[in-house]
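Protein chains: 2
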Amino acid sequence: MNKQITLAHGNGGGAMQALISGVFIKAFDNPLLSTGEDQARLALSELTLLGDQLAFTTDSYVVDPLFFPGGDIGKLAVCGTANDLAVSGATPRWLSCGFILEEGLPLATLERVVRSMAATARGAGIQIVTGDTKVVPRGAVDKLFINTAGLGVIPAGIDWGVTRIRAGDSILVSGTLGDHGATILNLRENLGMEAELASDCAVLAPLIATLRAIAGVRALRDATRGGVTAILHEFTRGSGCGMDVSESALPVKTTVRGLCELLGLEPLNFANEGKLVLVVDPAAEQDVLQALRGHPLGRDAAVIGQVTNDKQVRLRGLYGVSRLLDLPHDEPLPRIC
Amino acid sequence: MNKQITLAHGNGGGAMQALISGVFIKAFDNPLLSTGEDQARLALSELTLLGDQLAFTTDSYVVDPLFFPGGDIGKLAVCGTANDLAVSGATPRWLSCGFILEEGLPLATLERVVRSMAATARGAGIQIVTGDTKVVPRGAVDKLFINTAGLGVIPAGIDWGVTRIRAGDSILVSGTLGDHGATILNLRENLGMEAELASDCAVLAPLIATLRAIAGVRALRDATRGGVTAILHEFTRGSGCGMDVSESALPVKTTVRGLCELLGLEPLNFANEGKLVLVVDPAAEQDVLQALRGHPLGRDAAVIGQVTNDKQVRLRGLYGVSRLLDLPHDEPLPRIC
Numbered sequence: 005m006n007k008q009i010t011l012a013h014g015n016g017g018g019a020m021q022a023l024i025s026g027v028f029i030k031a032f033d034n035p036l037l038s039t040g041e042d043q044a045r046l047a048l049s050e051l052t053l054l055g056d057q058l059a060f061t062t063d064s065y066v067v068d069p070l071f072f073p074g075g076d077i078g079k080l081a082v083c084g085t086a087n088d089l090a091v092s093g094a095t096p097r098w099l100s101c102g103f104i105l106e107e108g109l110p111l112a113t114l115e116r117v118v119r120s121m122a123a124t125a126r127g128a129g130i131q132i133v134t135g136d137t138k139v140v141p142r143g144a145v146d147k148l149f150i151n152t153a154g155l156g157v158i159p160a161g162i163d164w165g166v167t168r169i170r171a172g173d174s175i176l177v178s179g180t181l182g183d184h185g186a187t188i189l190n191l192r193e194n195l196g197m198e199a200e201l202a203s204d205c206a207v208l209a210p211l212i213a214t215l216r217a218i219a220g221v222r223a224l225r226d227a228t229r230g231g232v233t234a235i236l237h238e239f240t241r242g243s244g245c246g247m248d249v250s251e252s253a254l255p256v257k258t259t260v261r262g263l264c265e266l267l268g269l270e271p272l273n274f275a276n277e278g279k280l281v282l283v284v285d286p287a288a289e290q291d292v293l294q295a296l297r298g299h300p301l302g303r304d305a306a307v308i309g310q311v312t313n314d315k316q317v318r319l320r321g322l323y324g325v326s327r328l329l330d331l332p333h334d335e336p337l338p339r340i341c
Numbered sequence: 005m006n007k008q009i010t011l012a013h014g015n016g017g018g019a020m021q022a023l024i025s026g027v028f029i030k031a032f033d034n035p036l037l038s039t040g041e042d043q044a045r046l047a048l049s050e051l052t053l054l055g056d057q058l059a060f061t062t063d064s065y066v067v068d069p070l071f072f073p074g075g076d077i078g079k080l081a082v083c084g085t086a087n088d089l090a091v092s093g094a095t096p097r098w099l100s101c102g103f104i105l106e107e108g109l110p111l112a113t114l115e116r117v118v119r120s121m122a123a124t125a126r127g128a129g130i131q132i133v134t135g136d137t138k139v140v141p142r143g144a145v146d147k148l149f150i151n152t153a154g155l156g157v158i159p160a161g162i163d164w165g166v167t168r169i170r171a172g173d174s175i176l177v178s179g180t181l182g183d184h185g186a187t188i189l190n191l192r193e194n195l196g197m198e199a200e201l202a203s204d205c206a207v208l209a210p211l212i213a214t215l216r217a218i219a220g221v222r223a224l225r226d227a228t229r230g231g232v233t234a235i236l237h238e239f240t241r242g243s244g245c246g247m248d249v250s251e252s253a254l255p256v257k258t259t260v261r262g263l264c265e266l267l268g269l270e271p272l273n274f275a276n277e278g279k280l281v282l283v284v285d286p287a288a289e290q291d292v293l294q295a296l297r298g299h300p301l302g303r304d305a306a307v308i309g310q311v312t313n314d315k316q317v318r319l320r321g322l323y324g325v326s327r328l329l330d331l332p333h334d335e336p337l338p339r340i341c
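Those protein sequence lines, which keep their order, are chains V and Y.
So for the first sequence, our numbering puts the first residue at 5; every next one is plus one.
So for the second sequence, our numbering puts the first residue at 5; every next one is plus one.
Don't take every hint at face value.
[What the hints assert, rightly or not] Below, computed lysine-lysine pairings styled on DSSO-like, alpha-carbon distance capped at 27 Å:
hint : chain 1 : residue 1 : chain 2 : residue 2
1    : Y       : K30       : V       : K315
2    : V       : K147      : Y       : K147
3    : V       : K147      : V       : K30
4    : V       : K147      : V       : K7
5    : Y       : K315      : V       : K30
6    : Y       : K7        : Y       : K30
7    : V       : K30       : V       : K7
8    : Y       : K7        : Y       : K147
9    : Y       : K30       : Y       : K147
Think of the hints as simulated: they come from the structure by calculation, not from any bench.
Build out the structure end to end from the sequences listed, making use of the hints.
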C-alpha cells in the first residue's frame, strides 16, 4: 500500500475533499477549521479580551531534508511563524496552512508532516484554522513546501520594537547558537557529526511570556536565516544604533564550534530555530537573564554585548580586537528553513 | 542587463535586504509593511470599527504560465485570496505574501508580477502588510510560486454561510462560466482560440458589497478549481440539501462553449477566478439579480436553478432530462491557479 499524492488531490474534486477531511481536518481538528467555509471567522469581541493589537505574519518553509534530528518541515512551519508573532509580545493563536505537494509524494510522508504540525500546534495552544492544498506535476516542486501565516494578540501595555533600542542597552541571546544550521549542514554535506547535533526548533512563546512582566525589554527577534549577525544588522538598521558583541560571551556547543572551525564558518551567521536575540535596558539585564534561565528553552541564555552609538555591528575577539561583523552574503547552503 | 534571482536573495543577508527594500517594499509601500518588524501590527480598536468578525484565509498560487490574457500569477494571488474573504461578507483589507523563487528567475519577471500584485491590491483597497521570500536551487521549484493569506472584517449583521441554505432557495451565478479555465487550457494546449479568451480574474468585493443590504442572501462562493460543480457539491455537503441546475440557464461564452465541445468537457467544471455561485431566498432573487447586473462584474448574472430536498447535485439538460452532476475527478489540467 504505497499510496501517493496524485494531481487529483489538488483539482478541487472528490480526491481533494477526501484528503482534506481524511488527513488535514482529522489531524488539525478544531471548530474554526471544520465549518466548511472558505475562511475562518474569529469574533473580534474575543480577540479584544486578549489584548489591543493583532499581530500578523507569514513564512514559507522549503527545508531539505524534510526530516532532521530535532524536527521536520511541519514542526518548523508551526514554530517559525509562531515565533515571528511571539517576538512582538503576542500570544500566537491561529495559523493558516498552505501545502504545495509534488505529484508522487508518498501519502505517508505528508501524513507524518501533518501529524508533526498538529502535535506542535496543540502543544503551543495554537489552532490551524484555514488551509489550501496545491498539487503540481512531478519536477515542478521538490517534494513538499509549506506556507503558514499566523495571527496572535499582543496584550495591552507591551510595546517591543527596534525603534525602542537605545545606546547603552544590553544585548542577550537565549541559548546556544547555530544548532539548527549546523544540523542541516551536517546532514546535507554528510559531515558525519551524527551523535550530538539536533535542531533547536521550538515554539518560543512560553519563554517570551516570562518577559512580559519585566519593564525595560526593548526588542527581540528569533535568529533564523542569517543567524544572530542578520538580527544585529536589523537592530542597527531599525534603531540607528551600533551593536558590539563579544566572541568569548557567545554560547556555542562544542560540536557546532567544531563544525564551524572545520569549514571556516562563523556560528553567529548560522540559522537557529529556537533562539532569541534580545535588547534590554541595562537595569533589566539581570531580571531578563534570570527569567530566561529559569525556563528550559533559555537555560543557556547569556549577555553577549552592548548597544553603542556608532551604527556599526562589531565583534570583539578573544584578544580584545574588534572587527566589523558584515552581513553574510552567502550562507553555506540554501533550504535550511 | 539580464539580472537573475540568486540563492543569495533568499539567505537572510544583504542581497535579500536589497530585494525586500528595492522590489517588495517599494511596490507594496504602506506604513504597516515598512516598520522593519517581523510581523504587521493592527490596532484591534480600528478593526472593531469595521465589523464584529475577522475573516482569515489562505491560498497558494502555482499557475502555469505565469502570464495569461486577463491576468498573471500576481493578480491571481491578490484576487483569489480577497475573494475567499469577500464571500463571507468581509471587506478584504490586509494580505501577507510569501514568494518561493527558483534560482535563475529573471528579476524582471518577479518585478512584473510584483507590480501587478501591487496594482491589483491598491485598486481593491487592500494592503500587503507582511511577507517572506525563499529562493530554492534550480529545479526545486518551477519559476515562481506565491502564497497569500488574507484578513478582512465582516460587518455586524452579516451571517452568510452554507448552513443557512434551505430547500426552495434560488441558485444564481454572477456571470459567464469557465473563462479562466478555458483561457489557461487554450494557452497550455495550444488550441489556437486566441482572440476571444481572457481570464475573468477580478476582486469581487465591490460586487459582493452591493448584496449586504439585501435580506435573504444565504451563502456565496467564488467558483475556482472544480468550477461551479465543486461549489454545488460543497453547498450540498454543508447544507444537506440538493442542488438542481438547468443547462439552458448557464451563461457560457460562445468561445468557451466551443472549446468545451471540441474537447468533450463540461464548462460547469471549469475554473473561474471572478465568478460567484449564490444561494438566496426566492423572495430576494430579483433584488439580488438586479444588484449583480447593476455592477460591471455581474452584468451576465443569471438564475441557474433551485435548492431541493434530495441531497443530490443534478443538471437538467436541454430536453428536460435530469442527470447527476458528479464531482469532477480529473480536471483537464493542473496548475490552473
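Each hint, compared with the structure:
With a CA separation close to 24 Å, the supplied pair K30(Y) and K315(V) stays within the 27 Å bound. Restraint check for K147(V) and K147(Y): satisfied, since their Cα atoms lie roughly 16 Å apart, inside the 27 Å limit. With a CA separation close to 22 Å, the supplied pair K147(V) and K30(V) stays within the 27 Å bound. Taking the CA atoms of K147(V) and K7(V), the gap is near 15 Å; set against the 27 Å cutoff, the hint holds.
With a C-alpha separation of about 24 Å, the suggested pairing of K315(Y) with K30(V) holds against the 27 Å cut-off. Restraint check for K7(Y) and K30(Y): the C-alpha separation of about 18 Å stays at or below 27 Å, so the hint holds. For the proposed pair K30(V) and K7(V), the alpha carbon gap of about 18 Å is at most 27 Å, so the pair holds. At most 27 Å may separate the alpha-carbon atoms for a hinted pair to count; K7(Y) and K147(Y) meet this at roughly 15 Å.
Between K30(Y) and K147(Y), the direct Cα distance comes to roughly 22 Å. Compliance with the 27 Å bound is thereby established for this hinted pair.
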